[in-house]
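Peer 1: Sequence:
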Amino acid sequence: MTFQPNQSASGTLEQMARSTVPIPCSEQWTMKPRAGNHAYQIMVYQPAEVAPPSGYPVIYLLDANSVFGTMVEAARIQGRRPEKTGALPAIIIGIGYPTAAPFSPHRYYDFTPQATTEYTHKSDGTLLPEQGGADVFLQFIEEELKPDMEQQFNIDRNRQAIFGHSLGGLFVLHTLFTKPDAFRYYIAGSPSLHWNQKVMLAEEQEFIAGLEQHPVNVKVWIGMGEQEKNHPARNNDKASGLTERLSALKQPGLDIRYTEFEEENHVSVLPFLISRTIRFACSPEA
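Its first residue numbered 50, the sequence shown is counted upward by one per residue in this note's numbering.
Hints are computed from structural coordinates only; laboratory data are not their basis. Hints are supplied without guarantee of correctness; some may be wrong.
Claimed, not checked - Derived CB-CB ranges, DEER-like: (1) 66 x 308: 44 to 50 Å; (2) 261 x 200: 31 to 37 Å; (3) 129 x 102: 14 to 20 Å.
Idealized CB from N, CA, C, for every residue including glycine.
Could you build the full structure based on these sequences and the hints that come with them?
Peer 2: What follows is the structure in C-alpha cells.
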C-alpha cells in the first residue's frame with residue numbers, strides 16, 4: 050500500500066515539504082588523528098548563553114553518534130537557568146565516527162586497554178573487532194583534540210569532564226587510573242568492568258599506590274541500571290566494590306560516588322545518566 054499525504058485546502062504538497070531537524074547551536078566535522086587507522090566525527094555544541102569569566106565547562110562525550118543529541122538537549126535546557134537547575138551552560142564535545150549507525154566497531158579498539166582474553170565473540174555470535182587501543186585514543190584526545198578545541202572555543206580548562214557508557218565507561222575509568230589529571234570530572238555509565246578485569250585491577254592498584262606522591266583533585270561518578278544486576282557479568286557488584294575501595298582511602302581530593310537507577314537496564318539508563326551528568330559536571334559550585 051502506498052502512503053498518500055493528506056492535502057488540505059491550506060497547502061499544496063510543495064508547501065508541505067519536509068526537512069531535517071537540526072540540533073541547535075551544533076556543528077560537526079571529520080578529524081583524522083596523526084596516529085591510528087580511523088577518523089573521528091567531532092560534534093560540538095556551544096551554548097547561546099554568555100560564557101562565565103573563566104570559560105564554559107566542557108563535557109567530552111564518547112559514542113557521540115548515539116547520545117550527542119540527548120546530551121545537548123539536556124545541557125541546553127538546564128543551562129538556561131543555572132540558579133534553578135544547578136547547571137551552568139556547557140560546551141559538549143562529542144567524539145563519534147563517520148557513520149550513520151549509533152555505534153562503530155572501532156569503539157572496541159578505542160575504549161579497551163588490552164584485547165580481552167575472556168571473550169572472542171559479540172552477543173550476536175560475530176567475532177570481536179580489533180581491541181587494545183585505549184592509550185592511542187587517549188593520546189589523541191589529550192594531544193590533538195583538546196588543544197584544537199581550546200583554540201576554537203572558550204573553555205574552562207579546570208572544568209573538564211568525560212562521559213562514557215559501557216565500554217566507554219571502561220575507558221573513563223582507565224583514563225582515571227592512568228592519567229587522572231586529564232579531567233576534573235569522570236562519569237562512567239554502566240562500565241564494562243568484566244572486559245579487562247586483571248588489567249583494570251592492576252591499574253587501580255597502581256593508581257592507589259601513587260596517590261601519596263601524586264594526590265588528585267577529581268570527582269568520579271559511576272551509574273548503573275538496577276536491572277543490570279541480572280546480567281552474569283555482575284558489573285553492578287564490580288562497580289559498587291570499586292566505589293567502596295576508593296572511598297575507603299579517605300583521600301580529600303578523590304570524590305567518588307555510585308548510583309543505581311531503579312527499573313532501568315543497560316540501555317534505558319542512558320538518559321538518566323546524561324541528565325544527572327549535567328548537574329554533576331556543570332554545577333555553579335565547582
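Peer 1: Under the constraints set out in the numbered hints, which ones does this structure not fulfil?
Peer 2: Of the numbered hints, all hold.
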